[in-house]
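Trainee: Sequence:
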Amino acid sequence: MNDTVDISVIIPTYNRASLLARALNSVLNQTYRSIEVIVVDDGSQDGTEESVKRINDKRIRYIKHEKNRGVSAARNTGIDKAKSNYIAFLDSDDEWLPDKLGKQIQVFKDLDSSYGVVYSDHKDLAERSGVSMTASKINRDGNIFYNLLRLLMFVSPTCCIVRRECFDMVGVFDEDININVREDTDMFLRIAKLYKFKYVDECLAIVHHDAPFSLASDIEVVISSLVALFDKYRADIISDKSALTNFNLAIGHNMCKAGKFAEGRKYLWRSIRADPLDVRAYVSYVVSLINPGNYNRLFTLYGNMKHSAGKNRPD
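When you read off a place in the sequence shown, starting at 1, and then add 1, the result is the number in this note's numbering.
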């Protein structure tokens, strides 16, 4: 590894030329300077290459895939080309606050080798709805595998620095399994089986939602991703009541959002069977029966209220 570069920042992007400059500038303006920035263009056709090359900074390395291969492949290309012992990820529609890397790397260098990831709080910003919220505070330190599994992920790649050796131990992002918007959940679950996580209780990043070309806005992709994760971690999920409850609730809720009420109710009923005292699935089940036409509207209002209160719900 190149000891003169402490952190390799990997930015995967696809047809986001209009947003990429914001992300790049937030990296280049970091108070911590010992970095390289690897922009992996996953086959863009919107002038992304020209947009990157207009920024005159020798720390930027630009790599282009000849065809679109997906965000996992783009991140893997970045990992392969990275020169440092620490990897930071930034989605091309997100941004960092100026002292993000400096604060996190200082924490990392004070930890022993049992820690694989240092990550922070962040602000979620939904452009269309105007809703702004921060992640809720929960136990996020140490061995957090089952916390990740129960909450269907609360670590965003945009908020992390990862020790390079983690990828040598658990492998890179899975390009084959159809988990699309949950490829990061899969990766952090694999890392969490072997390494501890350290949480920095500060908002150091902004995660934008409702941006153009966001896979997370496609409800069918969300459903298929959740089902794929369930299949991959079935033994772990079945062994934990909270994880089993939340996965079935999330799949059922999203199926109802997609108008697949009969199938969605099957998953909601499985959630109820897993934990009969959890009222969330009952609410979704009843709403899907008595007022299916307003299901999305009611839960959008409910979700906005919960986000404003800083609470989590499976989504």
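Wrong hints could be hidden among the right ones.
Stated by the list, open to error - Subject to a maximum C-alpha distance of 20 Å in a straight line, what follows is the list of computed SDA-like cross-link-like pairs (lysine to any residue):
| hint | residue 1 | residue 2 |
| --- | --- | --- |
| 1 | LYS84 | GLY172 |
| 2 | LYS59 | ALA74 |
| 3 | LYS261 | VAL201 |
| 4 | LYS242 | LEU278 |
| 5 | LYS84 | PHE146 |
| 6 | LYS68 | LYS82 |
| 7 | LYS194 | ILE207 |
| 8 | LYS104 | VAL201 |
| 9 | LYS104 | ILE36 |
| 10 | LYS104 | PHE146 |
| 11 | LYS242 | PHE146 |
| 12 | LYS258 | TRP270 |
| 13 | LYS258 | VAL208 |
| 14 | LYS242 | LYS258 |
What the hints contain is simulated information worked out from the structure, not anything from laboratory work.
Trainee: It remains to establish, for every hint, whether it holds in the given structure.
Mentor: Hint-by-hint comparison with the structure:
1. LYS84 - GLY172: Distance of about 17 Å is within 20 Å: holds.
2. LYS59 - ALA74: Violated - the C-alpha atoms of ALA74 and LYS59 are around 24 Å apart, more than 20 Å.
3. LYS261 - VAL201: The hint is violated at about 40 Å.
4. LYS242 - LEU278: holds, 12 Å
5. LYS84 - PHE146: Measuring from Cα to Cα gives roughly 28 Å; hence the hint is violated.
6. LYS68 - LYS82: At roughly 18 Å apart (the allowed maximum being 20 Å), LYS82 and LYS68 satisfy the hint.
7. LYS194 - ILE207: With Cα atoms ~27 Å apart, LYS194 and ILE207 exceed 20 Å; violated.
8. LYS104 - VAL201: holds, 8 Å
9. LYS104 - ILE36: holds, 14 Å
10. LYS104 - PHE146: violated, 24 Å
11. LYS242 - PHE146: holds, 14 Å
12. LYS258 - TRP270: holds, 16 Å
13. LYS258 - VAL208: violated, 23 Å
14. LYS242 - LYS258: This hinted pair is violated, its Cα atoms lying about 24 Å apart.
Against the hints set out earlier in the document, violations occur for numbers 2, 3, 5, 7, 10, 13, 14.
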